[in-house]
Amino acid sequence: MEYEPTIGLETHAQLLTASKVFCSCSSNYAAASPNTLVCPVCLGMPGSLPVINQRAVEYVIMTGLALNCRIAEFSRFDRKNYHYPDLVKGYQISQYDLPLCRDGWVEIQVSGGTKRIGIQDVHLEEDTGKLIHVGGQSLIDFNRSGVPLMEIVTKPDFTSIEEVREYVLKLRRILRYLGVSSGNMEEGAMRFEANVSLHPAGVAEKGTRVEIKNLNSFRALLRSLEYEINRQNQVLQQGGKIDRETRGWDDERGVTFVQRSKEFADDYRYFPEPDLPPLEISREWVEEIRSRMPELPDERYRRFLSEYGLSAYDAGLLTDDRPIADYFEQAVAIAKPRGIQPKTIANWITGELFRLLRASGTEPTAIQVPPEQLVELIVMLNENSITMTSAKHVLEVMFHTGKAARDIVAEEGLLQIADANQIAPIVDEVIRTNPDAVAQYKGGKETVLRFLVGQVMRATRGKADPNVTAELLRKKLSA
Amino acid sequence: MKLYELTIHEALNLLRRREISAVELTQALLDRIVDVDNDIKAYITLLPETALEEARLADERRREGMDGALLGIPLAVKDVICLAGAPTTCGSRILENFIPPYDATVIERLHQAGAVFLGKTNTDEFAMGSSTENSAFFTTHNPWDPSRVPGGSSGGSAAAVSADEALGALGSDTGGSVRQPASLCGIVGLKPTYGRVSRYGLVAFASSLDQIGPLCKDVTDCALLLHVIAGHDARDSTSWHAPVPDYTQALRSEIKGLRIGVPREYFAAGIQPGVETAVRKAIQVLADLGAEIAETSLPHTEYALPTYYLIAPAEASANLARYDGVKYGYAAADAADIWEAYRKTRQHGFGAEVKRRIMLGTYALSAGYYDAYYLKAQKVRTLIKQDFDRAFQQFDVLVGPTSPTVAFKIGEKIADPLQMYLSDIFTLGHNLAGICALSLPCGFCDGLPVGLQISGPAMGEEIVLRVAYAYEQATPWHTYKPALRNLSQNEYQMDKEHRR
Ligand SMILES: [Zn+2]
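These protein sequences, in sequence, are chains A and B. Note that numbering that gives the first Met the number 0 gives residue 286 to position 287 of the first sequence, counting from 1, and the numbers run on in steps of one. Note that numbering that gives the first Met the number 0 gives residue 335 to position 336 of the second sequence, counting from 1, and the numbers run on in steps of one.
Rather than coming from a laboratory, the hints here were simulated on the basis of the structure. Note that the structure is predicted; figures quoted are calculated from it, not measured. Among these hints, one or two may not hold up.
Covered stretches of chain B, going by a simulated chain A footprint (3 or more residues, C-beta under 8 Å) [to be verified]: (1) 19–28; (2) 235–242; (3) 273–286; (4) 299–307; (5) 323–336; (6) 360–374.
C-beta atoms are modelled at their ideal positions from N, C-alpha and C, and glycine is treated no differently.
Model the full structure from these sequences, guided by the hints.
Right, here's the structure in full:
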């Protein structure tokens, strides 16, 4: 029998607030020494009390708006009770039945069109500390304790791993556009929990749900889903039964394993957090937050198609990351009065600039080439002041040094030589030193001309105008 | 004149007139503690060196022409309130070695006002109890009769003030823990409105009920202390933004025409006849002063106890989850893994009553029981609050007994938790409703002090203090002091038996 999967996803995204969610410690713990970004509040010391970070609430509301959610008028925090050494208070302040946002959706691309994935709720909670196991001992770093964490819970609307993949990439793009999360999926800024069930193809009733926890990277999420679907499929094919249970993910062995069976299901004993008054969220505030939202990737993608006449492929590449899209639009604005087409700008960015970014591992926000300089480079190329070969070289130098295009051209003497009188002696020299090629050309093999042009270019370090050179060669060889 | 017998306002007058110094005053109290605290056992930790240093600084400030609302006044602090650098045990083994690196907001404010801290006073473990018998260390003795309890949980603070071992003290009141010991020790104790005083640095028992309050020798001192500790605190999101009035301005002895309600449920069966007599007489005094007295009803009073014993333990079960031996405090040795370490730490670190309440609370919050217990209790809490709201539409204040009995014998109720819980039957409702209430001495029964409870609406501290002050001015009770005598060998023995 053939089985089909049903998948639901919980995504935990760290918020990019300057301070933690319930105290004023810095939440930028990436480079900090262990236990240096802590205070009585985020250490859960006796008598300490939480105070909500308004910015974190705003970020969650903004995300809710981007995910088409209803924003609660009345929301509150709850205590989720469990014991673990990285959890300082013996409970996590989270949200249970009155989350900030609920009932939204995200549209993803699937083969043959688009699909809406339902968002059940978006809520705010605190991150835990981090356990570090060293030589049989466990150490705890509480720098991460209290970092704001946004949990985005989907309905079980996915029917394939590919859809999950599309959704996560889409969600990440939205969060990065909003500037609410770095979306860094390999460094724990986005973590996942999934639930998976299989049911016979064509049957409406869903199978038994298995939860997979502790998926700390995108890769782990996709691998664990693949493993779990195969595992359940095998069990069912052999006539077995799926147990309702919670499974962990062993990243090294690449397998899921039973963490808790249903009989030992956790009872988190949620109850309203008495230390934090409920949140009353005025509609004015929601509208104010909405007014500050940037254009979202989908809207921008559509606008890039219509406004700049870009191909779907280029528009997709350029809108994938907000800094790149911003860069493109800045360059286009500068280029327009100088008669340069958006398509030309797009080609330079998706071609040479992306190649340089990839090769050097640079973040788009750290590009050293200002849009003005990219445009200047294209202008020089259009004026025939430099050759394409030089232009690519100049961009690379600009990328690494931040120098201006015209300065590099001047320093390296890259101005194109278009004067036939200057090129002629070099052409003569090339003809003299390449008798074989000349013979072939004269024998009728015209493609050899390109080789000879290349030799001239080499001798002039790419500065000779290739058209003038070719014309000269043709003239001299037919003489 | 014995300096330790002064009230705060009397001492302030002498300090301001330079007739005494803060060092003299502090030394007098430290000497007094040495003389009597072996018998009373009010203090868990004494801070003589820092206290004298603070007193020296206070004298210096005064010499430089500065003053402060409490400049040079020696106070005691219940050991559930964090004072940086001093052990804060909460009367528990699990925090026996815990020294907080931070001050509670109330301590900061008292420091700024120039107060001197003598030490940390005994309490039932994590403020759970009505007698200090649940302290992991020892039981405090009632200065009026050392074979009896001082009440609790702020029994150490109440006994210290009653025995002249501090000019005033801070306590915390979750269900009566300031008012009941004040009543049993014959002093004045105020539970402010929930949110009037910052809870930052008060080790949480039940977060929605806890409130820090002053224990003093008279109503004026209470107003002085409240004025310093009250007010909004950005570190406590449940603290009110309301401005803090000068509470001493409310102290006028005139109460003609004030409407005073007497809830009939506060004279229900179980009240000691001598207590009822004293309280009824006190009400007559208020009537003689021109107040309009009428009987009223708080119909849900009988549900206050079960409601409280669901909500408070539920919150406590979470609040006390952090004591696991990982970060600070007691940690059990010889555990095979983290789970065994948790079990052993909490098994040996907590006393019986704390464990009882953690279990009660955990049960009340468990899946399948939440609606029937916790949620139901929250609904009844609303009804109890509405009882008070209705009453305060009709009356300026309500009066009645603080506790159904006078101080009981050490050991008398400790084996029967329910009997112990009933000791707070008239004080629990105020915490559930979040309103303010004060207990002050109103006479004696069998030679033991009886307390009159005056309750006001939320933020009604001024009217409560005014009525209390008028009554105090018209009666002599606050001038009576216990005649301390040494404990017999036999009583020491008994005390030992009842240590937990
Ligand atoms: Zn912190």
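Here is how each hint holds up against the structure:
no. : hint    : in the structure
1   : 19–28   : violated (count 0)
2   : 235–242 : holds (count 3)
3   : 273–286 : violated (count 0)
4   : 299–307 : violated (count 0)
5   : 323–336 : holds (count 4)
6   : 360–374 : holds (count 6)
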